[in-house]
Amino acid sequence: MTGPEMQVDGGLYEARQKIYPREVDGRFQHLRTGAAWILLGIYYAIPWLRWGGRQAVLFDLPARQFHLFGLTLWPQDFYYLTWLLVIAALALFFVTALAGRLFCGYACPQTVWTETFLWMERFVEGSRSQQMKLARAPWSGEKALRKAAKQFLWITFSLWTGFTFVGYFTPIDELAGSVVRLGTGPWETFWVLFYGGATYLNAGYMREQVCKYMCPYARFQSAMFDRDTLIITYDETRGEPRGARKKGADHQAQGLGDCVDCTVCVQVCPTGIDIRKGLQYECIACAACIDACDEVMDKVGYPRGLIRYDTQSGLEGSAKRVVRPRTIIYATLLALLVAGFGYSITHRNLVGLDVLRDRNALYRERPDGSVENVYNVKILNKDANAHEFEITGSGLPGLRVDYAGPTVWVGPGQVQGVPVRIRIPEDALEGGADIQVSIQATDQPGLRATGKARFLAPTD
Amino acid sequence: MFGIQRNGYSGKLRWPRLGQDVAIVLWPSFLAASVATMICFAFLDPLLIGNDDYPPPAFSSRMTGYAVGFFFYWLVASLSSLLTLYLVRTAHPDLPEKDQAGDEDRGGG
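Protein sequence lines, in the order shown, are assigned to chains P and R. The first sequence begins at 3 in the working numbering and counts up by one. The second sequence begins at 4 in the working numbering and counts up by one.
The shape of chain P in the complex, shown without the other chains (with noise of 0.2 angstroms):
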């Protein structure tokens, strides 16, 4: 705790300047205003969606089972979650081989939230300049109202969405119902609170900080970048040196270069840096100052594309190359991962089974001389029917088992438990074996299981 370093400046995030984003028209903030919507809209409806009499999508977490669509998980599937994970990282090393931070500038919930934050900032309080006009005037009547109606907005917005983030793990009509109860229950009420919450801060306060201080792709993207990589990128050739002219002066007699100066670029970004001094690891590739420049060209009677998506080749007057060695075995890695995934999920085995010993009893000695052993049977029916299942047993002669059947109907996506009798002639066995039992569905000859059980029998 000595030396400089450790000292505290300020308080948590007091000392820092915020920035106002100028806001910007053009393409691109088209095509991340279709993605916010679109993304935004994926996650506040999903929830919402049925499917054969059930919530679509719920990771249901008191019951153990996770419902995608048709399809339901347990906890013995967890590893399909983590090979999902694999292919999504993999997902993400491959569109920023090709691409660069496609992902930071439209995809990541940081980026579209904060955009939403934002439109709701300016909704309330106005441009860029009306903003910072606000936040620099005493405090008045009409200062407070616009305050507290942006602090409105902002905090039901974050309420919806952590009620959202609960509805993929709790049935969202009873939640919705026990909202308007005012009667959630108490985890409940903490986990809306705890995602709402994150997201006000996140997306109120933190905004930039986060890509820049928490982000590790932030830092470890450059891994994945090489010449041929999309970036966000000022062509300093074309537009050095920068300097104001006057408009229709023949700048180029003036020794400047095609870049005006006019700072607009920096203005526009939400992150706050100046794209014309290269690339940064702050850039989220929002590609605001694209639009911002392509603006003031249109403006100037320049061409645009001064500030560009390029590759380091393409800037040095290479041709584009899409196809490389890095981007072949990225895309070979996917598609073997995805393949791989879609088979196994279609060909998992749908019945699982458990044989668990009755504790009471290691064996019964029967009055015709026969040896029982009891055990509980667990048939687990992953499947989106129900099934009838026969039970049988292996493994020592004479074996026989005996259970309330001839079936045992188990429903979809659910565990039966069924005490089951097995018995095995006198003196067939001394001391311990080991079975096997087995469940075959009458329906479906694919559908059977097999687990192991201990049978045990007096030792004279």
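The hints are simulated quantities; they were obtained by calculation from the structure and are not laboratory data. One or more of the hints may lead you astray.
Claimed, not checked - Listed below are several chain R residues computed to face chain P (Cβ distance under 8 angstroms; list not exhaustive):
#, residue
1, W18
2, Q23
3, W30
4, A35
5, C43
6, A45
7, F46
8, D48
9, L51
10, R65
11, M66
12, T67
13, A70
It should be emphasised that the depicted structure is a prediction, and the values quoted were computed from it without experimental measurement. Glycine included, each C-beta is placed from N, C-alpha and C at the ideal position.
On the provided structure of chain P, position chain R as indicated by the hints.
Coordinates of chain R only, in the frame set by chain P:
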């Protein structure tokens, strides 16, 4: 510095050290705790945690078990993050800190 004072960004664009520290400790540990919670409870039903001989189980509901598990992991991972941060921050200044210096250059502000 970017020399962008004339555009309205006269103050600092960076978080103060304390803000960075809080973020650096809490955020990675949050991610680690999320992964740990998922893996742990994929294999373990919280209702089965408890003393075998003396029911009831340790948690009254699964949701309580998940939440307690998550915050426990978050706490442990935060302690690890905190120690790591402390060791990095208090490292002898004569030691080469190439990466950090590079970030400072690019970070500006």
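A quick look at each hint next to the structure:
1. For the restraint placing W18 of chain R at the interface with chain P, the shortest Cβ-Cβ distance is roughly 5 angstroms, inside the 8 angstroms limit, so the hint holds.
2. Nearest Cβ of chain P to the Cβ of Q23 of chain R: about 5 angstroms, under the 8 angstroms cut. The hint holds.
3. Satisfaction of the interface hint for W30 of chain R is found here, the shortest Cβ-Cβ separation to chain P being roughly 5 angstroms, below the 8 angstroms cut-off.
4. Hint status for A35 of chain R: violated, given a least beta-carbon distance of 12 angstroms to chain P, over 8 angstroms.
5. Annotation: interface hint on C43 of chain R violated; nearest CB of chain P at approximately 11 angstroms, more than 8 angstroms.
6. Hint on A45 of chain R holds. Least Cβ distance to chain P is approximately 4 angstroms, under the 8 angstroms limit.
7. Interface hint at F46 of chain R: satisfied, since its Cβ lies 7 angstroms from the closest Cβ of chain P, which is below the 8 angstroms cut-off.
8. For D48 of chain R, the suggested interface contact is upheld, since its CB lies about 7 angstroms from the closest CB of chain P, less than 8 angstroms.
9. Given the 8 angstroms rule on beta carbons, the hint for L51 of chain R is violated: about 11 angstroms separates it from the nearest Cβ of chain P.
10. A distance limit of 8 angstroms between C-beta atoms decides the matter here; for R65 of chain R the minimum to chain P is near 5 angstroms, and the interface restraint holds.
11. Interface hint at M66 of chain R: satisfied, since its Cβ lies 4 angstroms from the closest Cβ of chain P, which is below the 8 angstroms cut-off.
12. Using the Cβ-Cβ criterion of 8 angstroms, the hint placing T67 of chain R at the interface with chain P is satisfied: the shortest such distance is roughly 7 angstroms.
13. The interface hint given for A70 of chain R holds, since its Cβ lies 6 angstroms from the closest Cβ of chain P, which is under the 8 angstroms cut-off.
This entry does not satisfy hints 4, 5 and 9, going by the numbered hints stated previously.
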